[in-house]
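Undergrad: Okay, here's what each chain looks like letter by letter:
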Amino acid sequence: MKAKVYITPKKGILDPQGVAIERALPALGFEGVGGVRVGKYIELELPDGEGAGEEMDKMCHKLLANPIIEDYRFELVPD
Amino acid sequence: MKAKVYITPKKGILDPQGVAIERALPALGFEGVGGVRVGKYIELELPDGEGAGEEMDKMCHKLLANPIIEDYRFELVPD
Amino acid sequence: MTASPQTHTGVHAVRFGVVVFPGSNCDADSYDAVSTFAGAEARYLWHKDEELDGLDCVILPGGFSYGDYLRCGAIARFSPIMKAVRRFAEDGGLVIGICNGFQILLEAGLLPGAMHRNEGLRFVCQLVNLRVENAAMPFTHRYDEGQVIQVPIAHMEGNYFIDEAGLSELEANKQIVIRYANESGEITGEANPNGSQGNIAGICNRTSNVFGLMPHPERVCDSLVGGADGRGVFESVIDFVKNR
Amino acid sequence: MTTGQKPAYELLGLKAREYDDICSRLGREPNYVELAIFSLMWSEHCGYKHSRPLLKNLPTSGERILQGPGENAGIIDIGEGLAIAMKIESHNHPSAIEPFQGAATGIGGIVRDIFAMGARPVACLDPLHFGSLEKARQKFLLDGVVAGVASYGNCMGIPTIGGELHFEDAYEDNCLVNVMCVGMVEHDKILKASASGEGNLIILFGSTTGRDGIGGASILASAEFDETAEEKRPTVQVGDPFTEKKLLEACLEMRDQGLLVGLQDLGAGGLSSSASEMASKGGSGIDMNIAKVPLRESGMEPFEIMISESQERMLACVTPANKAGVMAICAKWDLDATVVGAVTGNGRLRIFDGDEMIGDMPVKALVDEAPTYCITPVRPLHEADVALPDDHYPLPGDLDAALLELLASPNICSRRWVYRQYDHMVQTNNALWPGGEAAVIRIKGSRHGVALVTDGNGRRCYLDPRRGARLVVAEAARNLSCAGARPLAITNCLNFGNPEKGEIYHQFQEAVEGMAEACRELETPVTGGNVSFYNESFGKAIYPNPVVGMMGLVEDTGRIMTHGFKEEGDVVLLLGGGRPAVDGSEYQLRIHGEVDGRIPDVDLNQEKKLQTFVRGAILEGIAKSAHDVSDGGLACCLAESAIESGVGVTVELEAGPRPDVALFGETPELVVVTAAEADLERLERINGAGVLVKRIGRVGGNRIRISAGGKGIIDTPVAEAAQVWRESLEEAVAG
Ligand SMILES: Nc1ncnc2c1ncn2[C@@H]1O[C@H](COP(=O)(O)OP(=O)(O)O)[C@@H](O)[C@H]1O
Ligand SMILES: [Mg+2]
Numbered sequence: 005m006k007a008k009v010y011i012t013p014k015k016g017i018l019d020p021q022g023v024a025i026e027r028a029l030p031a032l033g034f035e036g037v038g039g040v041r042v043g044k045y046i047e048l049e050l051p052d053g054e055g056a057g058e059e060m061d062k063m064c065h066k067l068l069a070n071p072i073i074e075d076y077r078f079e080l081v082p083d
Numbered sequence: 005m006k007a008k009v010y011i012t013p014k015k016g017i018l019d020p021q022g023v024a025i026e027r028a029l030p031a032l033g034f035e036g037v038g039g040v041r042v043g044k045y046i047e048l049e050l051p052d053g054e055g056a057g058e059e060m061d062k063m064c065h066k067l068l069a070n071p072i073i074e075d076y077r078f079e080l081v082p083d
Numbered sequence: 005m006t007a008s009p010q011t012h013t014g015v016h017a018v019r020f021g022v023v024v025f026p027g028s029n030c031d032a033d034s035y036d037a038v039s040t041f042a043g044a045e046a047r048y049l050w051h052k053d054e055e056l057d058g059l060d061c062v063i064l065p066g067g068f069s070y071g072d073y074l075r076c077g078a079i080a081r082f083s084p085i086m087k088a089v090r091r092f093a094e095d096g097g098l099v100i101g102i103c104n105g106f107q108i109l110l111e112a113g114l115l116p117g118a119m120h121r122n123e124g125l126r127f128v129c130q131l132v133n134l135r136v137e138n139a140a141m142p143f144t145h146r147y148d149e150g151q152v153i154q155v156p157i158a159h160m161e162g163n164y165f166i167d168e169a170g171l172s173e174l175e176a177n178k179q180i181v182i183r184y185a186n187e188s189g190e191i192t193g194e195a196n197p198n199g200s201q202g203n204i205a206g207i208c209n210r211t212s213n214v215f216g217l218m219p220h221p222e223r224v225c226d227s228l229v230g231g232a233d234g235r236g237v238f239e240s241v242i243d244f245v246k247n248r
Numbered sequence: 066m067t068t069g070q071k072p073a074y075e076l077l078g079l080k081a082r083e084y085d086d087i088c089s090r091l092g093r094e095p096n097y098v099e100l101a102i103f104s105l106m107w108s109e110h111c112g113y114k115h116s117r118p119l120l121k122n123l124p125t126s127g128e129r130i131l132q133g134p135g136e137n138a139g140i141i142d143i144g145e146g147l148a149i150a151m152k153i154e155s156h157n158h159p160s161a162i163e164p165f166q167g168a169a170t171g172i173g174g175i176v177r178d179i180f181a182m183g184a185r186p187v188a189c190l191d192p193l194h195f196g197s198l199e200k201a202r203q204k205f206l207l208d209g210v211v212a213g214v215a216s217y218g219n220c221m222g223i224p225t226i227g228g229e230l231h232f233e234d235a236y237e238d239n240c241l242v243n244v245m246c247v248g249m250v251e252h253d254k255i256l257k258a259s260a261s262g263e264g265n266l267i268i269l270f271g272s273t274t275g276r277d278g279i280g281g282a283s284i285l286a287s288a289e290f291d292e293t294a295e296e297k298r299p300t301v302q303v304g305d306p307f308t309e310k311k312l313l314e315a316c317l318e319m320r321d322q323g324l325l326v327g328l329q330d331l332g333a334g335g336l337s338s339s340a341s342e343m344a345s346k347g348g349s350g351i352d353m354n355i356a357k358v359p360l361r362e363s364g365m366e367p368f369e370i371m372i373s374e375s376q377e378r379m380l381a382c383v384t385p386a387n388k389a390g391v392m393a394i395c396a397k398w399d400l401d402a403t404v405v406g407a408v409t410g411n412g413r414l415r416i417f418d419g420d421e422m423i424g425d426m427p428v429k430a431l432v433d434e435a436p437t438y439c440i441t442p443v444r445p446l447h448e449a450d451v452a453l454p455d456d457h458y459p460l461p462g463d464l465d466a467a468l469l470e471l472l473a474s475p476n477i478c479s480r481r482w483v484y485r486q487y488d489h490m491v492q493t494n495n496a497l498w499p500g501g502e503a504a505v506i507r508i509k510g511s512r513h514g515v516a517l518v519t520d521g522n523g524r525r526c527y528l529d530p531r532r533g534a535r536l537v538v539a540e541a542a543r544n545l546s547c548a549g550a551r552p553l554a555i556t557n558c559l560n561f562g563n564p565e566k567g568e569i570y571h572q573f574q575e576a577v578e579g580m581a582e583a584c585r586e587l588e589t590p591v592t593g594g595n596v597s598f599y600n601e602s603f604g605k606a607i608y609p610n611p612v613v614g615m616m617g618l619v620e621d622t623g624r625i626m627t628h629g630f631k632e633e634g635d636v637v638l639l640l641g642g643g644r645p646a647v648d649g650s651e652y653q654l655r656i657h658g659e660v661d662g663r664i665p666d667v668d669l670n671q672e673k674k675l676q677t678f679v680r681g682a683i684l685e686g687i688a689k690s691a692h693d694v695s696d697g698g699l700a701c702c703l704a705e706s707a708i709e710s711g712v713g714v715t716v717e718l719e720a721g722p723r724p725d726v727a728l729f730g731e732t733p734e735l736v737v738v739t740a741a742e743a744d745l746e747r748l749e750r751i752n753g754a755g756v757l758v759k760r761i762g763r764v765g766g767n768r769i770r771i772s773a774g775g776k777g778i779i780d781t782p783v784a785e786a787a788q789v790w791r792e793s794l795e796e797a798v799a800g
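Protein chains in written order, with my numbering: chain W, 5 to 83; chain Y, 5 to 83; chain G, 5 to 248; chain S, 66 to 800.
Chain W with its partners taken away, still in its complex shape (with noise of 0.2 Å):
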């Protein structure tokens, strides 16, 4: 089956990047546009099983992304 992994900076911790895009937007010509947050989203076939999502979530919380500074979610989609 197919995961779709979305990973975020934590709440409360800096985003240098979301930071960055945001105040570069105005002089794009995007005005009024806040709240940046810039993530990963990671997509992957692995497979099909009981376990899965078990699995995934201890894909996600080992190697995908790093849960001292992010947060993940992620889906399951069957083929």
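One should not assume that every hint holds.
Stated by the list, open to error - Going by beta-carbon spacing under 10 Å, a handful of chain W positions derived as facing chain G:
1. LYS14
2. GLY16
3. PRO20
4. VAL23
5. ILE25
6. ALA28
7. LEU32
8. GLY33
9. VAL37
As the list claims (entries may be wrong) - Simulated crosslink set (DSS-like; lysine-lysine; CA at most 27 Å straight-line):
10. S:LYS388 to G:LYS52
11. W:LYS8 to Y:LYS8
12. S:LYS429 to S:LYS357
13. G:LYS87 to Y:LYS62
14. W:LYS62 to Y:LYS62
15. S:LYS200 to W:LYS62
16. S:LYS121 to W:LYS44
17. S:LYS204 to W:LYS62
18. Y:LYS15 to W:LYS6
19. S:LYS429 to S:LYS121
20. G:LYS52 to S:LYS397
For the record, the hints were derived by calculation from the structure and aren't laboratory data.
Glycine is no exception: its CB is placed at the ideal position from the N, C-alpha and C atoms.
Model the placement of chains Y, G and S with the ligands on the given structure of chain W, informed by the hints.
TA: Leaving out everything else, chains Y, G and S with the ligands in the frame of chain W:
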């Protein structure tokens, strides 16, 4: 309103980060995972209004994604 | 346009402008390197400037413009000065983008292609061998075709990508200016430090007045600090402008 | 008391006695804001409670010292109206929790210290110590720390040109991430962190203030790690090198325009610490209005705003007339800037939330009057009185194999995997690239250069902290001398366990005294530094590890020396009277699996003569290569010079100590120099001090050949040695 932007490496185009993750997984005990693609997930707040969709599309095309190597899609979520 | 400055001998000094974006960090190195050449002078250009008065060559230096957040060069290319640089290039002015400057030129569409993260995913700082593929253009004519020079690279995203059609076009027009090579000038996988397509290290536009490269020629203009193989780039420009 | 809620002061890490002390200084009980500020300022990290009395013993003055300890960085005169600012700091605890961000913000912090002095940062160095690379966690830490240093330093455009890398089990639960920054400043542009002149403004500029890093300094650096380490994680800070680069350029512009009365970075302790230290140095007071501080998060409590350790912020003291100028520069660099306070004459730090005063404390009590503690030192049992005999261990059957194993040791092999990730060339000043004895940067527009090195060796300090510290200083100086530089000054980072324990206190006291002796004798005063205590977990401390960052002056960058052999036929000379020993050596650890015995003491007087002689030989153009005998002993020293040049060497030693000790034993006071045969007489002539010179062999061929008493003991192809030395670290990281 809120916008959620998903940026993914274009199909068939090299994704060095995806490749690296895929290689690292077996050693961590995750077998059989494939097709890892690493992209970006961006959240932002933008002013409500008629042209919000068009505006977002322009922002994605011009700034947030690089159309030569990346695809994007976005969702608008009213607050 | 302001009047051209003249040296005391009455000959025009070749005027370089070095763009400073917030986050540029090789601006001073480029400025210093250019200033060591007889017959050349340099000045800084602020990214908010909208005019490029009386310049012969614009340098987009290395660094991390806007932190290279989002993508390298993605935000910088919208700076007011980039509009002026585009006009300048369209009028035949010489533009050289080094490292981050190259990335900005790609993002701005002044050169074709895009950059990926290095294949090894790590920042790579080392001397590399480069083979000069095109020595008949304003930035390299002081070198010989096929000559191997040693110039350092220092980047995280120098893995050049272009689609098949684009690549054929680059090749057909001799737009590939330098490639990563081994000591004897062979283009090998081992000599490729970042995974660049075709070992491409630097390219130019069709009219060869816009040149982008990942290696840093400004870092090797003095043998005390690593070599002098980069001097040829600036000498080529100076010669070219004088004889134009 | 065994049940119930602990009192607030205790939760904040203060002792009952300290709380009473605070009450008496205030003449009342502190409110929560005041208590939070006191607990921070009186934490070990900010208050130096266990180290202040001992640090007083370090020599801190000298003719070239323009600024000793006390400011954000030390400053050393290098002539021609120029000076060097330098400082080293630890970011051990944050890096153990989140290696990438911990190391990145470590660089960020130390760089701010340098430009707070008005200096432009020109180099960083990063002494790093981890547990054994055989453990996956250690690889993760190394990888993250190196990437963090790279990401921040590279983005700032400050070359990371040196450092150290050691792996030893003692650092398994407490890695050491020390970072040093060096800056260049003209004498008349030096800035101080002082706030003076009643009515002058206090301007906060840079990043917004958030909850990240709340309690970071006091909690992370002032307590041992245990099972609750996980809970402390939300204090992790994220670095933003782009904002810091803008801050740097903005501060230097303010400096150039003469707009500043004083400048201070916000580091550990946030606004509380920066404001009170500025007031203390200026002999003034400050009224601070927290309602003006731009916040990143809503609902922050006043005390949180005062102690937040959000990165990339600076505090300036500015006259009302210069306010507009400062604001304009911040606007140019797209930095937020806000007037958050004013200088008063009352010697107090007063906190306001709008019109309401919510805190009022004497600056002196906060900054200068943290209690100090002296613990009764206890000499640990493992410290031996005598050295091991040469035949303590069985002689390895295959000495060539032992040599290769040492060259492959992660403590000796090439560090290229690390420095390749650092932009070590930006600013185009590298006269000597990483990989040699020391890094040398040129000074543009001058013949002079500056040589830099860091040195620390916890294993030796563990066996004998006093001798170990003396050795660390001597070795740093020797490395500079071998590069042709005259050592001028040090900065230091003292990494130790929990000082409340007698054994740790003993180690600390001995090390500081040893360092003081060596700095006095070698005339390299201490310009500043940092103390990192509580590097221990589950009751087990790291090796005591005083790390020294030393700078030296190169008179002529055309005369820098490197350690690679230069020419076939050159004579190999051994300079100095050091006698090799196995105690505490890499050989002892790697081949025999032990750390034991007593390390040799360095004869500082001889050491000084030796170094003067080596520098003389370099300046006179006699020495063609110079390399000191350190980790891995004489054999590794010769092998490294051979590897560097690709040219072999043949050496004949007298029959003396057992072959393994002669080859791999470590010793201070030994340097290998090569020179042309024709220059030997000249060398003798400049040897006024009578340094012992032994001719031991010749450069040439493609093998490393060593014999002792006429019997061959090493015969290894240079190519084979080179391969293991070059590839080991990368393999260890990947494997
Ligand atoms: N963490 C590091 N970062 C950058 N350079 C390093 C690091 N560790 C070691 N180096 C460099 O590698 C070289 C050799 O280091 P080391 O073996 O510790 O030297 P020495 O034996 O002279 O003390 C030096 O140039 C040093 O600056
Ligand atoms: Mg050494």
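Undergrad: Can you give the numbers of the hints that this structure goes against, from lowest to highest?
TA: 1, 2, 9, 14, 16
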